[in-house]
Structures are given as structure tokens and as C-alpha cells.
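S.K.: Here's the letter readout for the chains.
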Amino acid sequence: MTVETVLGERRHLRISCYPYVPHARPQGAPGAEAGTASEVGTASSAGETGETGETGETGDTGEAAAPHTAGVTLVLILVDDVTAQIEAQQKEAAQVERERGVQAERQVYERGEQARSLELVEAENARLKQETDRVTAVNRSLLEANQNLNETVLQLRRAQDELVVSHEEAQANAEEVKTLNEELQSTNEEYVTVNEELEATVEELHVANDELQARSRELQQAADTLATQRTASEAARARLEAILLSLGDAVLVVDRDGAPLLTNAVYAAMFGSANVVFMAADEVGNPLPAEATPQQRAARGETFRMEFTLTSADGTRRWFEASGHPVRSAGEEIGEGVLTIRDVTERTLQRHLQDQFVGLASHELRTPLTPLTAYLDMLSRLFADRATDDRARLYTAHAQHQAQRLQRLTQDLTDVNRLQSGKFNLIMEPVRLDEVAATAAETAQTMTTDHTIHLERPETPLVVNGDAFRLEQVLMNLLVNAITYAPHTEQIDLRVRRVGSEAEAQVQDYGAGIPATDLPHLFSRFYQVMRTDGERPSRRGLGLGLYIAHEVVTAHGGRIEVASVEAPRDGHGTTFTIRLPLAPEGTADQPADASAPHGAVHGEERRTGAHPRSKGSGRESPSQRH
Amino acid sequence: MAQVLVVEDDRDTRQVLHLILEDAGYTVAEAADGLEGLAAIQASTVPLVVLLDLDLPKLNGIEVLQAVARDARLVARHAFVLITAVSQSQFQAAEEICATLSVPLVMKPFSMDTLLDQVASAARRLPSIPQAQT
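Keeping their order, the protein sequence lines are chains W and B.
For the first sequence, the working numbering begins at 1 and goes up steadily by one.
For the second sequence, the working numbering begins at 1001 and goes up steadily by one.
Read the hints as simulated data drawn from the structure, not as lab findings.
Just so it is clear, the structure is predicted and the values come from calculations on it, not from any experiment.
Backbone N, C-alpha and C fix where the C-beta goes; we use that ideal spot for every residue, glycine too.
Hints are not guaranteed to be accurate.
Computed list of chain W residues with no C-beta within reach of chain B, every gap over 10 angstroms [unchecked claim]:
id	residue
1	Lys-91
2	Gly-315
3	Glu-321
4	Pro-371
5	Asp-377
6	Glu-566
Straight-line C-alpha distance at most 20 angstroms; calculated EDC-like pairs for lysine to aspartate or glutamate [claimed, not checked]:
id	chain 1	residue 1	chain 2	residue 2
7	W	Lys-178	W	Glu-190
8	B	Lys-1058	B	Asp-1009
9	W	Lys-423	W	Glu-241
10	W	Lys-129	W	Glu-113
11	W	Lys-423	B	Asp-1055
12	W	Lys-91	W	Glu-190
13	W	Lys-423	B	Glu-1095
14	W	Lys-178	W	Glu-168
15	W	Lys-423	B	Asp-1009
Please take these sequences and the hints and turn them into a complete structure.
M.R.: The following block contains the structure:
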């Protein structure tokens, strides 16, 4: 409702009424409120403001609240000042009314305009439609033409493709043909070459065939030769086997290490089996050093002769002599050696017995010689002192002479015994060989009346370093030999001279000579030359003189040789030559003098004792012994 | 004259030595082996010239001399001459003992002159013989 204030100001109020029911349950307060609002609506519609919205709303509420009013005894009225709100609503409604008028005017205008435009568009549309139909027709014909063209183009393209393929095939074929042609050409060339080669080969084959034929002929000849050689070699082998079998000596072939390569039956019999390796020992049974065994010496290619022993398990010792030679093929040593081995046990034992016998004999023969010589000396003195029969004196002299012979023989035996046992010593000093020779010649002359001993000696002294006693013994042996073996000759020559750096003594007889077969054995002990003329020498001796001479000369560093022509009554006879090294310069002035005191005493020479030889001590000159 | 002891195993040799020495005026005693000889040497109160053979039974000449060398009185009293045939193995020992005692060596067979020379020489080396002995 609208009211006017005292200040003339118009104010809008809202009145709300609420019935009060004391026992009614206040259910639905809003309902109650709505009843109240309806009253307001009524009031508002009764107002002068004309507010559409307000009135409507309040009217609804008034109608809803009406039934409750009848019973109401109490009403609650609420008044609100809503002026501001109403004024704002009125302003807004006016504004909306104005805008609604403007818009209607514009719509009328626009509708006119649209009608005009529509007419224009429809005209234009009709025209365009005609045009479009025409264009569509043209377009349709164009499409058809285009389609035709396309088809044609396609056909053409296919044709072209086919043409390209055909062309390529043709080109490939052409190339194949060309290649084939080239191949054929080269093949042809090869055929030509091969043909040429074949021709050359045929030529070579011809040549080769000729050569083969020639070679075949050579081979045939070689085969013939080989067959001949094989026959010869088989014969040689058979001969060798026969030789090996028939040999009394063992044969051993060793390789370069000394191992056995080949043996013969005697070897197997001698040592137990064909492959056994024997261990050689020395004279007293000590094993030889490895390098000194016959196997090793033969393996080294030495040419030698040696003796060794083997002692069996039962202690018996056997002696063997081995000689070794290298095997040479075409002048070259091939690292093999051959040994021939001989069992010399019997010989050795005989020699040992001989040595023992010589030792014993020399002693036993010498023993009675001492009193014999002494008695003859006494007898000789006895006759010298008294006047007695001349025959007694003569016989005594003969007996003394024979005793001296006996003494010389026993002396030879003694010397041999010492040489064998290695106890032969020399007293070396400067010796005038010319003087020694003169003494020997003088003494030998007393032993023969048939011969004249002719001495040739240099004018100057000839000094050697030696044992005067032994050198005189050597010359005496040679002279006595000449006297003995050259009977019925007149002259024996003894020549002493200087030859280069050596002194030479030569004894030459003019007898029947010595057989050549005897010469190699001449200096062996007990060796005696058998006379071919059957004549027995007056004195043969023991066969020791030359052996002793050889040993003595060798011990002096010299050598002795013999030259002989066996020609009975030819007159050349036999010549023994001794060569001794000369004493060094400076010793020649002081040669050993027979009267000089004998200094050092060695070995058997001790018999001279500390006494001068001139005093006639036990050491007699060999000359004195005759 | 001096007294000579001949120590020699060969009876014939001993006998001829005896004869020779007796002829020469010596008084001679004999022993046939080394032991016997050594006993005679040791027993003798008078100086002796001992002719001693090297090769003797029982004791050889060297051993006899070695025994003598151990007794200075025997060395001073007697003179020795060693006689030998050949007994080479004993020479080394012989050389030593002969040098020690100044003993000369005479080789068999010997000449009478040689033997008598050696005996006379040895006799001169003996100490002077007491007057009573002559």
C-alpha cells in the first residue's frame, strides 16, 4: 500500500498477516506465511502503484490463506518498507517498454527490405539456373571427350611400353650374339695355340722317345755290368766269409764308437759270444784305460799291435795279441777299424818260463864261475912263481880263456834278464866313441888269427853321451859276430865317423851274408840264423848278442840297422850300422876317462862301488872278459 | 895281518876265498849265512874285514849291514866289503846302506887282484890292531 509521509514523501509498504491458533499445531509455517502474504496481495491490489508483478503474486497467496481466516481470533501483522524495491521495478519496466517499441519499428523496416531483396535474388536465381544448365551440358560433353582422350592415351602408352620391352629384348639378343661371337673367336685362337703346342709336344715326344731308347740301352748295359759285379761281389763275400772262417785269429770290426759290427766264429769261441765286448787288461790284470783298449784304438783309426790280458771268473789269465787297422774305402777312412786278435797265452807263458829260466840260469851258472875263475887265477900264479912245465902254464891259460867265455855267456843271460825285467840301467856320461871302438878292435883282434880287424877312425874325438862299458859291449858283440859268421875271410872293418849330428859306428864283414828272411828277426832274443851252406859256425852263442846290442843302442836314443847281401863268396857280406846322437858341444873336451873316478852308482853298475874303475874293481871291461 | 870273516853261502866260493886270503897271509873265518855272520861279527873282540855276500839265506847282506849300523861299536870296529852276483831288486837298499857305512861293492866273478885290493883297502880302515894280536 502506498502511504504518504508527513514530509509528503511517498512510501511503499508491504503488510503481512499471520493467523494465530493456540492449539493448532504450527504445521507448515510457510502455509501460514502464505496466508499472510495473500492479505498483502490484497492490500497491494488495493494500492495505487499498479505494480503488476507484485499484485499477481500476492493475489495467489491471499486466496490460499482465505479458508483459515474464518476461525482466526488473533492475527499477526508485519509491515515492511519496500519503497526502494518498488521504484527500481517501475524504472526497469519503463525501460523495457521503450525498447520494445523501437524494436518493433525496426522489424517492420527490415521486413520490407527483405521482401525486395528476395525478389531480386529469385530473378537472379532463375538466370543462374539457366546458365548452369547450359554449362552443365557443355561440361558433360567435355567430360565425354576427355574420357575418350584418356582411353586413347592409355592405349598409346601400352603400345609404347610394349615397344620398349621389344627393343630391350632385341638389344640383349644382339649382345648375346656379340659375346658368343667373341667367345668363338677366342676359342678358335686357343685351338690354334693348342694345335701348335700339340705339334711341339709331338716333336718332344719324338726326341724323348729317342732318349728313352738310348737310356734303355744304357740301363741294359748297366744291368749287365751290375749282374757281373754282383757275381763278383758275391764271390768276394764268399771268399771273405771263407777267409773269416778259416782264420785262426779272432776278427772284430768296430764302428767309430768301438762297438762290434762284425765278428767271426773264432771271436765267438774266444770270448764266449759273437757280440760280447771284452774288457782288456794289462799284464798284471788291471783294466786298461778306456782310450787304450784295442777297440777304441781301432775305432780311432790307429794302426797298431798290442798285447792285453783277460782274466776269467776262475782267476785264470789269458794273453792276447791284437793288431788293428782302419778300414779304408777309396783311400778314405770310414770310421771303422778291424782288429785281429790272437790268443798268445801259450807263447806268453813260455816266455815267462823262459824269463824265469834265464834268471835262474844266469845266477846258477855264475855261482860256480866265481870259484872256477878264482882257482884258475891261483893256478896261474902258482905256475908263474915256480919253474914248471910250460904245458901246465899253457893249459891253465886255455882254461882261463874258456872260463871267460863261460862268463860272457852268463853275462849275456844276466843282461837279458835285466832287460826283460826293466832293471837295465845305463851310466850316461860323455864318451869318446872312437876310443871305445879302438879298445874293442884291439880286444877282438886277440880273439882271431884268421881275420885282420881294420879300424877307421876320425882324427878328432867323436864324443857321444853314453855308457862306455855298454857301448864297448855292443861293438864287441858285433865284432865277435863277424868273426863267428864270416869264417875263412880275411878282413873285418870297423869304421867310426861323424855323419851330420850323429856318430856312426859300422862293422862290416865279407862273409856269406844273412838270408833276407832272417833280417827282420835278427834283433830278437835267442834268434839264430841257420846257415844255408850247411856249415855249422864254430861258436853260435845263445843268440843274445844282437838283441842286447839293439836294446842298448835304443836305450841310448840311437838306432841299429843291418844290411846284408846273401851271396856266398860274393864278398859283400853283412854290415851293421849304429847311429848315436852326438854329445852337445862343450862336453867334448871332457869325455869319460877310463881312469876317472866313477861317481854315482846306479843299478847293477854299483858293482864298481865307490872305487875308481882303474883300480880294477868288480866292473870289468867287456874286453877283459874275453 | 888282519882277520877276515867270509860270509858266503856257496861252499865252493867260500872255500876258494878262504884259500886266496890265507895265501895272502890273512887269518880267515867263515860263516854260511847272514845270521851266522852277524853273530860272528858281534862276537868278535878283534877288528874284522868282513867279506859279505849280498844274497844270503836267513839274513841277506843288506840286513846284516843294517843290523851292524844300529850298533856304533860294531861300525867302528869292523870294515865291510859287499860281494854280489846279481840281485837287482836289492840294489836300492844296498846303495843306501853302503853309502852310510862306506862299503865298497865287488861283483862276482871277481879276479884275485880285485879281491885282494879291496880286502887290503878295508884292512887299512880298521882300528890299529893291539900288539898282543900280532
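S.K.: A separate judgement is required for each hint: does it hold in the structure or not?
M.R.: Evaluation of the provided hints:
no., hint, result
1, Lys-91, "holds (184 angstroms)"
2, Gly-315, "holds (26 angstroms)"
3, Glu-321, "holds (28 angstroms)"
4, Pro-371, "violated (4 angstroms)"
5, Asp-377, "violated (4 angstroms)"
6, Glu-566, "holds (38 angstroms)"
7, Lys-178/W / Glu-190/W, "holds (18 angstroms)"
8, Lys-1058/B / Asp-1009/B, "holds (10 angstroms)"
9, Lys-423/W / Glu-241/W, "violated (47 angstroms)"
10, Lys-129/W / Glu-113/W, "violated (24 angstroms)"
11, Lys-423/W / Asp-1055/B, "holds (17 angstroms)"
12, Lys-91/W / Glu-190/W, "violated (127 angstroms)"
13, Lys-423/W / Glu-1095/B, "holds (15 angstroms)"
14, Lys-178/W / Glu-168/W, "holds (15 angstroms)"
15, Lys-423/W / Asp-1009/B, "violated (25 angstroms)"
Going through the hint list in order, the structure does not satisfy hints 4, 5, 9, 10, 12 and 15.
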